[in-house]
Structure formats: C-alpha cells, structure tokens
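Generate the whole structure from the sequences, applying the supplied hints.
As you go down the protein sequences, you meet chains P and X in turn. Here my numbering is used: the first residue of the first sequence is 1, the next is one more, and so on. Here my numbering is used: the first residue of the second sequence is 177, the next is one more, and so on.
Source of the hints: derived by calculation from the structure; they are not laboratory data. Check each hint, because a few of them may be wrong.
Covered by chain X, according to a simulated footprint, are these stretches of chain P (three or more residues, beta-carbon under 8 Å) [as the list claims (entries may be wrong)]:
1. 42-56
2. 72-81
3. 130-142
Partner residues aside, some chain P positions facing chain X, computed with beta carbon under 7 Å [unchecked claim]:
4. Tyr-23
5. His-59
6. Arg-62
7. Thr-64
8. Asp-66
9. Pro-67
10. Ser-155
11. Leu-156
12. Lys-174
Idealized CB from N, CA, C, for every residue including glycine.
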Amino acid sequence: MIADEASMAHMMAAAQSGDREMYRVLLGEVQLWLARYFRKRVPPAQLDDLVQEVMMAVHAKRATWDPTRAFYPWLAAIARYRWVDHLRKVYRSAEDELGDHDAAEDSEEEAVMARMSLERLFVHLPDRQVEVIELVKIEGLSIAEAAERTGQSESLVKVNIHRGLKKLSALVEKAE
Amino acid sequence: MNRVPNPLIDELAADLAPVAPIRPWHGALLVALSALATVVLVELVDGLWRGIATGAASSIFFIANGMLGLLGVAAAGAVISMASPRVGNRHEGARWSAAMLGLLPLTALLALGAGGFYAAVSSDRYGFECFLAGAGFGLVTATALVLWLRRGAPVSLGAAGLFTGIAAGAIGSFAYGLACPIDTIDHLGIWHVAPVALMGLVGRIAVPPLVRW
Numbered sequence: 001m002i003a004d005e006a007s008m009a010h011m012m013a014a015a016q017s018g019d020r021e022m023y024r025v026l027l028g029e030v031q032l033w034l035a036r037y038f039r040k041r042v043p044p045a046q047l048d049d050l051v052q053e054v055m056m057a058v059h060a061k062r063a064t065w066d067p068t069r070a071f072y073p074w075l076a077a078i079a080r081y082r083w084v085d086h087l088r089k090v091y092r093s094a095e096d097e098l099g100d101h102d103a104a105e106d107s108e109e110e111a112v113m114a115r116m117s118l119e120r121l122f123v124h125l126p127d128r129q130v131e132v133i134e135l136v137k138i139e140g141l142s143i144a145e146a147a148e149r150t151g152q153s154e155s156l157v158k159v160n161i162h163r164g165l166k167k168l169s170a171l172v173e174k175a176e
Numbered sequence: 177m178n179r180v181p182n183p184l185i186d187e188l189a190a191d192l193a194p195v196a197p198i199r200p201w202h203g204a205l206l207v208a209l210s211a212l213a214t215v216v217l218v219e220l221v222d223g224l225w226r227g228i229a230t231g232a233a234s235s236i237f238f239i240a241n242g243m244l245g246l247l248g249v250a251a252a253g254a255v256i257s258m259a260s261p262r263v264g265n266r267h268e269g270a271r272w273s274a275a276m277l278g279l280l281p282l283t284a285l286l287a288l289g290a291g292g293f294y295a296a297v298s299s300d301r302y303g304f305e306c307f308l309a310g311a312g313f314g315l316v317t318a319t320a321l322v323l324w325l326r327r328g329a330p331v332s333l334g335a336a337g338l339f340t341g342i343a344a345g346a347i348g349s350f351a352y353g354l355a356c357p358i359d360t361i362d363h364l365g366i367w368h369v370a371p372v373a374l375m376g377l378v379g380r381i382a383v384p385p386l387v388r389w
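Structure follows, in structure tokens:
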C-alpha cells in the first residue's frame with residue numbers, strides 16, 4: 001500500500017524545509033506510485049528510466065508544489081507531462097513486452113489512480129489516433145506495420161500520431 | 177513493485193536543500209507590479225488621458241477598458257496557477273473572459289454593418305498606432321509571466337503560451353487605453369482588442385520554447 005494523500009503532503013512539506021530522512025521516505029513512495037501509474041503504458045524495459053526521470057523532475061521542481069494543494073494531482077501532472085515527452089522520443093524495441101505486473105491495490109488508491117490515470121487522456125482522442133499511438137509508440141510497430149494493421153495509409157498514421165501527441169500535450173492538466 | 181533500494185533516492189536526498197514553495201500571491205504581486213509599471217510607462221511616454229477624471233469619457237470607454245483589465249487579470253491568474261501544475265487545472269475563467277471580450281468587435285460589426293466595419297478598419301488614422309502600442313506595452317507583463325513560468329513547472333506549454341500572450345495583450349492594451357481619448361465602439365472594439373489576439377498568437381508560438389523544462 002502506498003502512503004495516503006495526507007502523509008505524502010506532510011512528507012513533501014517537510015522535504016521542502018530540507019528534511020532529508022522524510023524526503024528519502026517520500027521518494028520511495030513516489031517511486032512505487034510511479035511504477036504503478038505507468039504500468040501498461042510503458043514497456044518494463046523503459047519503466048525504470050521513466051520513473052527515475054520523473055523523480056529527478058520532482059526533485060528539480062519541488063518548490064512548485066503548493067503546500068495548500070493536494071500532492072498526488074501535482075505528481076500526476078508531472079508524470080503525465082514526462083510520459084507524453086517520453087512517447088515523443090522513444091520507440092520501443094522489439095523485445096520489449098508490455099507488462100501486467102500487478103500489485104495489490106486498496107480501493108482508495110485505485111480511486112485516486114483512476115481519476116488521474118493515463119487512460120483518462122486517451123478517452124479524449126479519436127480511436128484512430130489512440131490506435132496508432134499505441135501500436136507505434138507503445139507496442140513498437142513500424143509506421144508501415146501500423147498502417148497495414150489499421151488500414152490507414154502510412155502518411156495518415158504519421159499525421160494521426162502527430163495530432164494525437166499534440167492533443168495529449170494539451171490534455172496533461174485538463175483531463176480528469 | 178516493492179520498495180527497492182535506489183541509489184538515485186540517496187543522491188537526491190543528499191542533494192536536498194530547503195526551498196521556498198511557490199505561492200500564487202507572489203505571482204499575483206509580480207503581475208500587479210508589472211501592470212502598474214506599464215501604466216507608469218504609458219504616462220511617461222504618452223501621458224494618460226485627463227478626460228477620464230473630468231467625466232469626458234463615454235460609457236463604452238469604461239466598459240471596454242474594464243473588460244480588457246478583467247481579461248488581463250483572469251489570463252494572468254491562469255498563468256500563475258500553471259507554474260504549480262496539477263491534474264484538474266482547467267482555466268475556464270480565462271477562456272470565458274476571452275470570449276466575453278469578443279463581444280466588443282462583434283458589437284462594432286453589428287452596429288456598423290460589414291461595410292461600416294471595413295471603413296472603420298481602413299480609415300481610422302490612429303487605429304494602427306493603438307494596436308502597436310497596446311501590443312508593445314504588453315511586453316512588460318509578458319516578460320514577468322515568462323519569468324514566473326520559468327521558475328515554475330508548466331505542463332501545458334501551449335496553453336501557458338497562449339494565456340501569457342492574452343494576459344500581456346490585455347494588460348498592455350488596457351494600460352495604453354488609459355492614454356487614448358478615442359472612445360467609440362468601432363475604435364475600441366477593433367484596435368484595442370486586436371493586440372490581445374496578436375499577443376495571444378505570438379505567445380502561443382514564442383513562449384513554449386522559453387518555458388519548456
């Protein structure tokens with residue numbers, strides 16, 4: 001079980017004041033939360049890199065968390081931002097498999113995760129854009145393979161990926 | 177995934193130094209001071225219109241400049257909150273305020289008709305000057321907001337750029353509006369609103385690369 005909102009906010013406030021022990025605990029929880037947050041949307045081989053990238057972003061931007069606001073929506077916004085960035089940059093290698101490394105979750109955690117999940121971003125995109133982003137950017141198919149699989153032309157696959165990623169960027173904060 | 181030892185956590189914890197959390201009111205103060213500086217600059221460069229104090233200004237003067245000022249506040253507020261991101265930030269106030277400002281050119285169009293609207297655009301000898309001055313004076317606010325965003329962690333770069341431009345254009349046009357004695361709906365609705373559109377476009381294009389992190 002990952003620490004609840006009140007505990008995370010308390011630890012983050014302490015971290016902003018320079019409490020290293022509390023910060024160490026907080027980062028451990030953040031690491032765990034991020035690994036769950038990104039599963040199924042990032043192949044395991046890239047998961048650690050992305051989690052560490054977000055943790056470094058959290059460290060660099062720790063002053064931007066407003067102690068009067070909730071912690072998890074702040075963390076989720078940064079995680080989404082880095083994930084969309086990651087999709088732009090990374091093509092999955094053929095040997096990577098999407099994992100289903102489930103861990104037990106309690107209902108409160110599930111509710112929080114669901115409200116801020118990455119899936120919530122996809123529901124705002126047309127199916128044809130979601131389909132090609134998943135095939136090319138997450139499953140690692142080539143443009144030609146995705147075109148063949150979906151029946152879209154290669155140009156259309158490229159256009160739909162471009163438009164889809166652009167729309168995802170615009171939805172990072174907005175979509176709940 | 178279990179809690180596994182991670183050398184990165186040790187490194188980040190070792191690097192931890194106290195930080196002052198971003199406070200929205202710091203951003204609000206920054207924008208207020210930049211808006212005030214813009215008005216002072218307008219006074220120094222052009223001189224504020226004394227007719228405002230003597231009752232010479234029409235109702236539409238106060239309505240148009242009031243709408244510009246409110247849009248500036250709403251858009252700047254959206255930008256200030258973007259520095260501290262969170263899922264669920266929607267910025268509806270700024271969007272509705274921007275839509276509301278669109279009533280001014282729409283009113284001019286409906287009141288003058290297409291021909292009269294075109295004539296107002298093409299024959300207003302002071303219009304282009306107001307347009308350029310409004311956008312130019314907006315650069316003070318734009319600079320302040322870009323600095324604020326660079327300190328923060330904006331995650332919606334396109335929206336941050338757009339609202340930065342809109343806030344800058346609105347506050348710049350509001351400040352210059354206090355120096356402009358032409359208080360008709362066709363002049364205000366066209367040439368004092370146009371800087372908002374221009375700066376919104378410029379902000380949408382120019383600001384994201386400046387605040388990317």
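Quiz item: Looking back at the numbered hints, which does the structure fail to meet, lowest number first?
Solution: 3, 10 and 11
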